[in-house]
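Asks: The task is simple: from the sequences and hints, build the whole structure.
2 protein chains.
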Amino acid sequence: MLDTSPNGQVTQLIDRFGAALANGDIDAAVDLFQEDCYWRDLVTFTWNIKTVEGRDQVRDMLTAQLGHTRPTNFAIAAGEDASHADGVTESWIEFETGVARGFGHIRLKNGRIWTLLTTMAELKGHEEPLGHARPLGAKHGAGKNRKTWMEERQEEAAELGFSRQPYCLIVGGGQGGIALGARLRQLGVPTIIIERNARAGDSWRKRYKSLCLHDPVWYDHLPYIDFPRNWPVFAPKDKIGDWLEMYAKVMELNYWSSTTAKRASYDETAKEWTVVVERDGREIVLKPKQLVLATGMSGKANMPAFKGMDIFEGEQQHSSQHPGPEAYSGKTVVVIGANNSAHDICAALWEGGADVTMVQRSSTHIVKSDSLMDLGLGALYSEKAVEAGVTTRKADLIFASLPYRIMHEFQTPVYDAIRARDAAFYERLEKAGFMLDFGDDGSGLFMKYLRRGSGYYIDVGASELIADGSIKLRSGVGIRELTKKAVILSDGTELPADLVVYATGYGSMNGWAADLISREVADKVGKCWGLGSATTKDPGPWEGEQRNMWKPTQQEALWFHGGNLHQSRHYSQYLALQIKARKEGIATPVYGLQTVHHLS
Amino acid sequence: MLDTSPNGQVTQLIDRFGAALANGDIDAAVDLFQEDCYWRDLVTFTWNIKTVEGRDQVRDMLTAQLGHTRPTNFAIAAGEDASHADGVTESWIEFETGVARGFGHIRLKNGRIWTLLTTMAELKGHEEPLGHARPLGAKHGAGKNRKTWMEERQEEAAELGFSRQPYCLIVGGGQGGIALGARLRQLGVPTIIIERNARAGDSWRKRYKSLCLHDPVWYDHLPYIDFPRNWPVFAPKDKIGDWLEMYAKVMELNYWSSTTAKRASYDETAKEWTVVVERDGREIVLKPKQLVLATGMSGKANMPAFKGMDIFEGEQQHSSQHPGPEAYSGKTVVVIGANNSAHDICAALWEGGADVTMVQRSSTHIVKSDSLMDLGLGALYSEKAVEAGVTTRKADLIFASLPYRIMHEFQTPVYDAIRARDAAFYERLEKAGFMLDFGDDGSGLFMKYLRRGSGYYIDVGASELIADGSIKLRSGVGIRELTKKAVILSDGTELPADLVVYATGYGSMNGWAADLISREVADKVGKCWGLGSATTKDPGPWEGEQRNMWKPTQQEALWFHGGNLHQSRHYSQYLALQIKARKEGIATPVYGLQTVHHLS
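Protein sequence lines, in the order shown, are assigned to chains X and F.
Per the numbering used here: the first sequence ends with 610, consecutive numbering throughout.
Per the numbering used here: the second sequence ends with 610, consecutive numbering throughout.
No wet-lab data here; the hints were simulated from the structure.
Since we're looking at a predicted model, the values are computed, not measured.
Just to be clear, a hint being listed does not mean it is correct.
Remember, identical chains collapse to one label, so a pair may be satisfied in a single copy or spanning two.
[Claimed, not checked] Listed below are the simulated DSSO-like cross-link pairs for lysine-lysine, each with C-alpha atoms no more than 30 Å apart in a straight line:
id	residue 1	residue 2
1	Lys216	Lys259
2	Lys547	Lys297
3	Lys394	Lys404
4	Lys149	Lys482
5	Lys272	Lys482
6	Lys317	Lys482
7	Lys310	Lys272
8	Lys441	Lys299
9	Lys341	Lys149
10	Lys297	Lys534
11	Lys259	Lys299
12	Lys149	Lys310
13	Lys154	Lys341
14	Lys394	Lys134
15	Lys149	Lys394
16	Lys441	Lys297
17	Lys593	Lys134
Replies: Dropping the structure here:
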């Protein structure tokens, strides 16, 4: 009998899907997808972060991967029910492969698969010691000269990197390195994190004084330890710094602070990196098997080269170097740029009593923080979502289940609504001369973030200062040159300045690889970040996933990890599992390794 | 129509109960209790921690308190259902008083109240800023010279205790002081915690090397931030130390380390304490309105006075001073005492290569850790309990709902089962000469803890070392004296010793008040801890609650806070609310202030 309930529909379909896969009947499996379909796989079938689009790509992937993946036991996830709305039936699912347990999500249209998400939850036999499997801590029984927890930690600290090599080295101890390091520690992968600053959290503490997270707390949890219910919605930078510092400590990370990576090279024969680091002034040579650059997708400053920068007699800073307004009360400041940092810095300088001019060279997407929270994030990441049972894990997976190819279609209506809600606000801004955009296709902030990681400001107050002229604005102009005392704009205007702040953004993460390893390797792996959407600053061809992030690159054993706290949390899971599998000698045949289309 | 479902029964009863209270009809309210009844109130009706037993006491309490308590809105708690088993119908309930929201638990027998628990959840108008009410963090909008979070924290640290006085001073920065401090911070009560050690957590770090928590992780959470799912079952002391340190920091406590309280006095007219503290060598005078001693219910060492201690040429230490076995390999050690510390220290010394003799002067209750977890705690505090929906909050409240007067009746069968399960183990121990007990009435470990806070060892391995003679045992003997080189037992045996460890326990917390304030005040408040059960080391008369803990004492504005992590977590809620109410000028008429029957 045909069960037409959502549970019945999903169960029947995944039973057939599972049977087809078990029988190696790829045609039958492909036939369960509709023509317009997307299968996003996070490490289970592809050992990659990969979306295949349309039946041909599904067929190609299965042809390459099915034989060794050995998927079984597809079912609606325990404790979940399928649901149906607006012609789409959807459900959480679970399954296994030969080596792993998977969790996923499926959407059906007209009885066929529209979207499928398959993610790796854990490697069989290498489960994290959580819950029932947590360590005992105390050592029951008795034995001569047993070591205490503290002695074991001290011994590990003394040995790792010296008499014993880490399997993985993470360069960069911000939220990305720390989240990944925590997962690798749980998976028993010996790892060292190196961080140039003196304390974990300093990468936040050292930024401009007024900085707070622009993403809300529900979006920002680290793995394993949630922020408490009294944590502020938008945490101030020093508070996040303190949290990261304590987190690194209680998660028992091997965190080498005051340490910089000087140079690295890969031995293709020994399958091993040689990384020279300087720790508290002392050179140490590390020999990890895997090298992760977690130096920040917004880590490497883009410093422009304007004529006259060498003769300008005032101060010049990249936004990442700007200390805050204290020293600039009564001074005249020109801030070049109009994204998040530029706005935050301008507002803080104005608050601190400086005379501030923002130079906006190209248009910017502005969205009010409240509107973004209510309309953009609220369904997945908010107190309401938590109350509705949307745990952080589920929110992450729902977000991950939306194929990048069509994500803008989900986003555009949200930003249309925001545009309508805040029409008067946008009108005031434009009246002040501010050049606005909502992305090339009107899809707003998230798509800009995923495509180019820039081009927007989440408004927490600076826009009103621009609208009312408190922050002076020059827009639609370039920089001609700097003189001894001023910035000269392309229209000839002279802006006297005691300080020029270059809020000119950050370069692609493979720039880090060029500095640390070689230009050759940087070019071999190519540009990081972006989807190939053929929109501004994200040139095509279409990639389907973010370039080089959290997945194998063209350089064996070299990985890039980063992004906001949400991405650091969620994708560290898949990167950690990829590294763990390699450590354990589990076969990891990669499907669809990206090709390189851009160098930076 | 009579609804005989559990929900119907409870609803009908509490509707009638609520109506009787609303009408001031105390007789009608009392009539809803069965003769054999217990009403435990945590701060809502009594502004005390108080159990009234039997109808007469219920009547007396209501007569004194109903008029100003104004209870309303009794209902089955939102999202909960009543249940029925073994002749008892029970349910979570909620209610309000004039000034607070309450949560509680009720058990009915034959349609009447057998046990009632009423606890204060929050004060109306003074709710904690959690969830929807959490702070924004970032300061949206703009304003000249606004302070950042960091600047505000620094300003508070510079002012509090100097230009601005704390409302509350907590002496002792272990888990008790920290948990209470965190709650008071959330309630907006300006508080300083002083701690003699250099770092939060040092009170754990400085104890003997092998120490791990004897209570499992599910029992040990602090408020607001749970231990993560990878946290060990029995955390090693240094790991707990690190957690407490990070917790004090991220919860933004005003934690003065390296600070000791020198002397304190209360001005009955000004309603204010004068407390002289020494912080990093500098004397500072604090003027708090409320003074909390959180110096440890096991904090003040009992050092015995044996003849010859002054001429003994070896080392002598109280167990709290014992550093661990390193220095004693190959040495001969006598440990006097047979409770937890004595066992842990003996085992570690044996493991470290010392020759160890334990001197057991009176019988000890031994329970194997596994058995205690499985049979004693598992239903409320375990991974299984968590999976069954027994949150930490519910577990705490279920435990709190069992009246102390009859708690042993619930406990005895548990220990009968443990005795049967581990019969062979106990037989081996007794064969080695170890004197066992299960408490005066066979009710086991928890009752011993609540009554006297001593007299037991949770076995994690030392008992087998005693059974097999690895740790030598002398039992049923006293100490006659020490000579230059040995301990002489009451039976004349001479035990040569390089080191004598006095694992002789701790005194009543009012000893701290004698040291800090005066003997007069210490005597006025009397003995702390214990129930008045008329069992060994817990003399009667019956008190109904633990003496002086977390509730008003005979000394105005002086409070005692302490206990294990469970108690520090749970009772800090009620103590914090009592202090907050006083700060806000809310009337707090105390019912049934305890009278003093014992001085220590």
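Asks: Broken hints, numbered, in rising order?
Replies: 2, 5, 8, 16
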